[in-house]
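With chain A's structure known, arrange chain B on it following the hints.
Those sequence lines, one after another, are chains A and B.
If you read the first sequence in this note's numbering, its first letter stands for residue 430, the second for the next number, and so on.
If you read the second sequence in this note's numbering, its first letter stands for residue 430, the second for the next number, and so on.
The set of hints was computed from the structure by calculation and includes no laboratory data.
The structure presented is a predicted model; accordingly, all values stated were derived computationally and were not measured.
Please note: incorrect hints may appear among the correct ones.
The list cannot tell twin chains apart, which means a pair is met if one copy fits it or any two copies do.
Pairs of lysine to aspartate or glutamate, DMTMM-like flavour, derived with a Cα cap of 25 Å [claimed, not checked]:
1. 790 to 809
2. 830 to 808
3. 431 to 696
4. 431 to 688
5. 519 to 886
6. 830 to 789
7. 790 to 812
8. 929 to 914
9. 790 to 804
10. 519 to 562
11. 634 to 700
12. 519 to 922
13. 535 to 503
14. 790 to 808
15. 519 to 584
16. 571 to 609
17. 953 to 443
18. 953 to 549
19. 923 to 486
20. 519 to 590
21. 790 to 813
22. 431 to 812
23. 830 to 804
Protein chains: 2
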Amino acid sequence: MKIALAQQNYIIGDFDGNLSKIASAVSDATASGAELVIFSELSICGYPPLDLLERREFIETCILYTEKLTSMVDPGTGVLVGSPEFNPNKDGKMLFNSAFFLYEGKVQQVFRKTLLPTYDIFDEYRYFEPNREFNILHFKGKKLAVTICEDLWDEQPFENDFSRSRLYTTNPLKELMAFDPDLIINIAASPFAHRKMEIKQSIFKDKAAKHKLPVLYCNQVGAHTELIFEGGSMAIHSSGQIANKLPFFSEGILITDLDELVDSVPDSVEEIPDRIGCMAEALICGIRDYFGKMNFLTATLGLSGGVDSAVTLALAAEALGPENLHVLLLPSQYSSDHSVNDSVQMAENLRIKYNILPIEKLFNSFRETLFPLFENLPEDITEENIQARIRGTLLMALSNKFGNILLNTSNKSEAAVGYGTLYGDMSGGLSILGDVYKTDVYLLAHYLNKEKEVIPENIIDKAPSAELRPDQKDSDSLPLYEELDLILEAYIEKQLPLEKLVEMGYDFQLVSKIIRMVNQNEYKRYQTPPILRISSKAFGVGRRLPLVARY
Amino acid sequence: MKIALAQQNYIIGDFDGNLSKIASAVSDATASGAELVIFSELSICGYPPLDLLERREFIETCILYTEKLTSMVDPGTGVLVGSPEFNPNKDGKMLFNSAFFLYEGKVQQVFRKTLLPTYDIFDEYRYFEPNREFNILHFKGKKLAVTICEDLWDEQPFENDFSRSRLYTTNPLKELMAFDPDLIINIAASPFAHRKMEIKQSIFKDKAAKHKLPVLYCNQVGAHTELIFEGGSMAIHSSGQIANKLPFFSEGILITDLDELVDSVPDSVEEIPDRIGCMAEALICGIRDYFGKMNFLTATLGLSGGVDSAVTLALAAEALGPENLHVLLLPSQYSSDHSVNDSVQMAENLRIKYNILPIEKLFNSFRETLFPLFENLPEDITEENIQARIRGTLLMALSNKFGNILLNTSNKSEAAVGYGTLYGDMSGGLSILGDVYKTDVYLLAHYLNKEKEVIPENIIDKAPSAELRPDQKDSDSLPLYEELDLILEAYIEKQLPLEKLVEMGYDFQLVSKIIRMVNQNEYKRYQTPPILRISSKAFGVGRRLPLVARY
Chain A
430 MKIALAQQNY IIGDFDGNLS KIASAVSDAT ASGAELVIFS ELSICGYPPL DLLERREFIE
490 TCILYTEKLT SMVDPGTGVL VGSPEFNPNK DGKMLFNSAF FLYEGKVQQV FRKTLLPTYD
550 IFDEYRYFEP NREFNILHFK GKKLAVTICE DLWDEQPFEN DFSRSRLYTT NPLKELMAFD
610 PDLIINIAAS PFAHRKMEIK QSIFKDKAAK HKLPVLYCNQ VGAHTELIFE GGSMAIHSSG
670 QIANKLPFFS EGILITDLDE LVDSVPDSVE EIPDRIGCMA EALICGIRDY FGKMNFLTAT
730 LGLSGGVDSA VTLALAAEAL GPENLHVLLL PSQYSSDHSV NDSVQMAENL RIKYNILPIE
790 KLFNSFRETL FPLFENLPED ITEENIQARI RGTLLMALSN KFGNILLNTS NKSEAAVGYG
850 TLYGDMSGGL SILGDVYKTD VYLLAHYLNK EKEVIPENII DKAPSAELRP DQKDSDSLPL
910 YEELDLILEA YIEKQLPLEK LVEMGYDFQL VSKIIRMVNQ NEYKRYQTPP ILRISSKAFG
970 VGRRLPLVAR Y
Chain B
430 MKIALAQQNY IIGDFDGNLS KIASAVSDAT ASGAELVIFS ELSICGYPPL DLLERREFIE
490 TCILYTEKLT SMVDPGTGVL VGSPEFNPNK DGKMLFNSAF FLYEGKVQQV FRKTLLPTYD
550 IFDEYRYFEP NREFNILHFK GKKLAVTICE DLWDEQPFEN DFSRSRLYTT NPLKELMAFD
610 PDLIINIAAS PFAHRKMEIK QSIFKDKAAK HKLPVLYCNQ VGAHTELIFE GGSMAIHSSG
670 QIANKLPFFS EGILITDLDE LVDSVPDSVE EIPDRIGCMA EALICGIRDY FGKMNFLTAT
730 LGLSGGVDSA VTLALAAEAL GPENLHVLLL PSQYSSDHSV NDSVQMAENL RIKYNILPIE
790 KLFNSFRETL FPLFENLPED ITEENIQARI RGTLLMALSN KFGNILLNTS NKSEAAVGYG
850 TLYGDMSGGL SILGDVYKTD VYLLAHYLNK EKEVIPENII DKAPSAELRP DQKDSDSLPL
910 YEELDLILEA YIEKQLPLEK LVEMGYDFQL VSKIIRMVNQ NEYKRYQTPP ILRISSKAFG
970 VGRRLPLVAR Y
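The shape of chain A in the complex, shown without the other chains:
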């Protein structure tokens, strides 16, 4: 039997668009001989629909479009499509997260998700009741075990200090093995994390090898606000080797012969994906889909002469085209000449429209207006923030007048320690680097310069500075980023406590200060734009800390 995996990029709630995309993949796959076509989790509406799942009309539309699909596709082709389903039982949550099997013009069978991820960015038990009844899909003489994403993650690796591998008390695959299946199918919406690429592969490879069964894994591709799904759908041989796979960050259909996944031992298509390369691709996908799915065309940002805005611009140019960018250079009296020159160089390298608007006069106007309040008081962080907010206001003015969406250029290291001004440089519609530590921003800069110099070397080489007072350097108030980032990652991603960090050899005073800075700046991060998530623990919806608390 030939089976197709359709890796597609949906728009949440765009039922017509998603349906025609799905129907067209069925028709292409059928033409290529596929007898069963498999789509990703909640494909009919796109994943994650969040609280749209709490609206009756949204669920009714999902069901309606799933039924519409039955009449649009070849009745002789089996289709497995993801949709929410009303829970027919009187008790429990309103919905199931289900896979609908369509064949011969109607819904033949429904399979429900058992393990509902409710951690980090996932909130599935908010909406769905877990499945408790198991059954198998009989199709063309074969028995297919249908699972939905987390269902195969009954045992999962973890990177943080306080976690465990078995988060659930049921094991769906164990239940399904009682039916003696010929194949394991997994329809998924599994988001990208730059250190989880290999882990994700091994989950599926291990299941195949353990049960000596082929695994077909169909993942969603594309970005939805902060979440980026990398695709990378795979056909895994019963030996546990990857037989074939779809690319990262683009759509595709993969047709596999089920027999070949059992008989012949495949040529290995294993490769270790490049971490920084994948990160760049993920961020470009994140920008492209944010704009494309919102029907936005053009973007702006403030080019400071530093590496963060330069990398953001290079990624945006790749995602949107340089002709759709219009940047501002907003020097103050504290800006160095090279900041302006390097920025001009960068804009010209990419042929990007730019304006230089000095902010000194506006800064003086603010000082004059505030003179009745601030008379005789020394300058402090207040004046630094005023400069950042003047820049934010000018960028937003350009955005409001011409419709260019402001891209936020803050990186994760800054966001972690609160090194940024709310309503100033923390403004924007989307944060591109808010989940990228500064040391990785440098690696991205080198990666983006691989083929030709897009980012002037001078921007990469200079010491980082906010340039908000004379001769300011980031290293005046922070340790070197090489050290800072390791401490931050240990505290934020790995959730290690102070004591363990000290055991690892970091200075007690330094670690205490950094942890205090992270904790005290939750209030700033509460108000930041959505951040493209590329790690397993990004600031934003997947990290929920009380603002009013002692910790």
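Just chain B now, with coordinates in the frame of chain A:
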């Protein structure tokens, strides 16, 4: 047996503070003859600790302090205190949400929460495994059924279109009735919602009446960032009548004789709480605790001459004292004289420090700076937003220089339709009225003026206007708030679809336009400050909608 309910206001993660508060209540209650003292849910750490529950050191500290408590209190007094507990089983989530029973110097027994609310602002299945084993507390010859908050909400009323009363497949009280208990205890952290006061009472009264057993309900009091807990702990007679209760929004200890909750029929202490009065108390509690628990003293805001900033100021004066407020009047060329005069009047009524800083010069500076980009283009929303952002920057400058926290003054009606400027009037550390519809803001204004005129009548009577262009009125672009608020509440709180709203008699065009405005402005609300929650569906953490989507 005499039992005490201790209704207390904790600080999340302030273990020393919470412990000494708990120990001191045990000692007071013991002195008054209580044999058992009951505290609210997760009292040892405060509720909700959110992702602090994902840090091992946080849980270890909870356990440590629970054990410390055993040695601090009279060993002859029973204590029921809430704390997270490590899940000793190998599978499932890491934690239980538990009630620890302390007696004779040690932890005697632990009771675990069965029903884990995971909807709206609740995320309990993110952290906790549901209990599956039931047992009873034997104490001084009585059998006490210990439940934790949601455990008694196995059947709950709902106000929205798409919900059901039985969200769970287990019924903890039914299980506990097998032990034939003498009393039902419920330790809770149940947040305030202005239309849920009576529903909450009837949940407990109905359980008492149904099982012919007394119910003791101990709720947390006080605010944690956006969530406000009203207290209102109650002793309910086995007849279903409320025998005695603690006040709303303040701490207290209530001692009840168990026998009296069965024998004599009590004098009823029923009263229907005043909706607007409770809302005002809740907001004042929210402001006071945000500041008190963060060690902030002073606040600022922009007084526009409109009713929102006036009500915010009056509430803040009540919460923080007028001497801790310093407001700015920031008139532009479009501000009417009466806006400034009324604001001055209001500040003087309350003896609040104020400055008048006209923004026209700054506005002109921005126009000059932007002239190279905007030359010959007509003025539009861009220029309105610049004014709002100048004001935001001036208020934040005062905040940064003197440490006054900026209070956001936007109301829920505005926030719903996107009538506000990001980084301008949408700025602030805390939003006071972001969950209060405009029509309720007027009711609050009258309520606050009940005893003497705090808010000048002129501020309440004038037609609402943003005053960002000549002769602007809110009603130019919005329907009257009386109509708008009903539509918004039906769409947001009750989650009714367009069709139902039209069936109810609202104009199709109007409702479509409003729903579109609500949906299209999710991106703005993503970046707003935390909003004091007083309804069952506030903007913020309890309402999660995709930004990139079609709906």
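Evaluation of the provided hints:
{"no.": "1", "hint": "790 to 809", "result": "both (19 Å within a copy, 24 Å between copies)"}
{"no.": "2", "hint": "830 to 808", "result": "between (33 Å within a copy, 9 Å between copies)"}
{"no.": "3", "hint": "431 to 696", "result": "within (19 Å within a copy, 76 Å between copies)"}
{"no.": "4", "hint": "431 to 688", "result": "within (8 Å within a copy, 74 Å between copies)"}
{"no.": "5", "hint": "519 to 886", "result": "neither (65 Å within a copy, 53 Å between copies)"}
{"no.": "6", "hint": "830 to 789", "result": "both (22 Å within a copy, 20 Å between copies)"}
{"no.": "7", "hint": "790 to 812", "result": "both (14 Å within a copy, 18 Å between copies)"}
{"no.": "8", "hint": "929 to 914", "result": "within (16 Å within a copy, 53 Å between copies)"}
{"no.": "9", "hint": "790 to 804", "result": "both (19 Å within a copy, 19 Å between copies)"}
{"no.": "10", "hint": "519 to 562", "result": "both (16 Å within a copy, 23 Å between copies)"}
{"no.": "11", "hint": "634 to 700", "result": "within (14 Å within a copy, 64 Å between copies)"}
{"no.": "12", "hint": "519 to 922", "result": "between (40 Å within a copy, 23 Å between copies)"}
{"no.": "13", "hint": "535 to 503", "result": "within (11 Å within a copy, 69 Å between copies)"}
{"no.": "14", "hint": "790 to 808", "result": "both (17 Å within a copy, 22 Å between copies)"}
{"no.": "15", "hint": "519 to 584", "result": "between (31 Å within a copy, 12 Å between copies)"}
{"no.": "16", "hint": "571 to 609", "result": "within (10 Å within a copy, 53 Å between copies)"}
{"no.": "17", "hint": "953 to 443", "result": "between (33 Å within a copy, 22 Å between copies)"}
{"no.": "18", "hint": "953 to 549", "result": "both (20 Å within a copy, 23 Å between copies)"}
{"no.": "19", "hint": "923 to 486", "result": "between (41 Å within a copy, 13 Å between copies)"}
{"no.": "20", "hint": "519 to 590", "result": "between (40 Å within a copy, 16 Å between copies)"}
{"no.": "21", "hint": "790 to 813", "result": "both (15 Å within a copy, 21 Å between copies)"}
{"no.": "22", "hint": "431 to 812", "result": "neither (67 Å within a copy, 61 Å between copies)"}
{"no.": "23", "hint": "830 to 804", "result": "between (35 Å within a copy, 12 Å between copies)"}
Checked against the numbered hints listed earlier, the structure breaks hints 5, 22; every other hint is satisfied.
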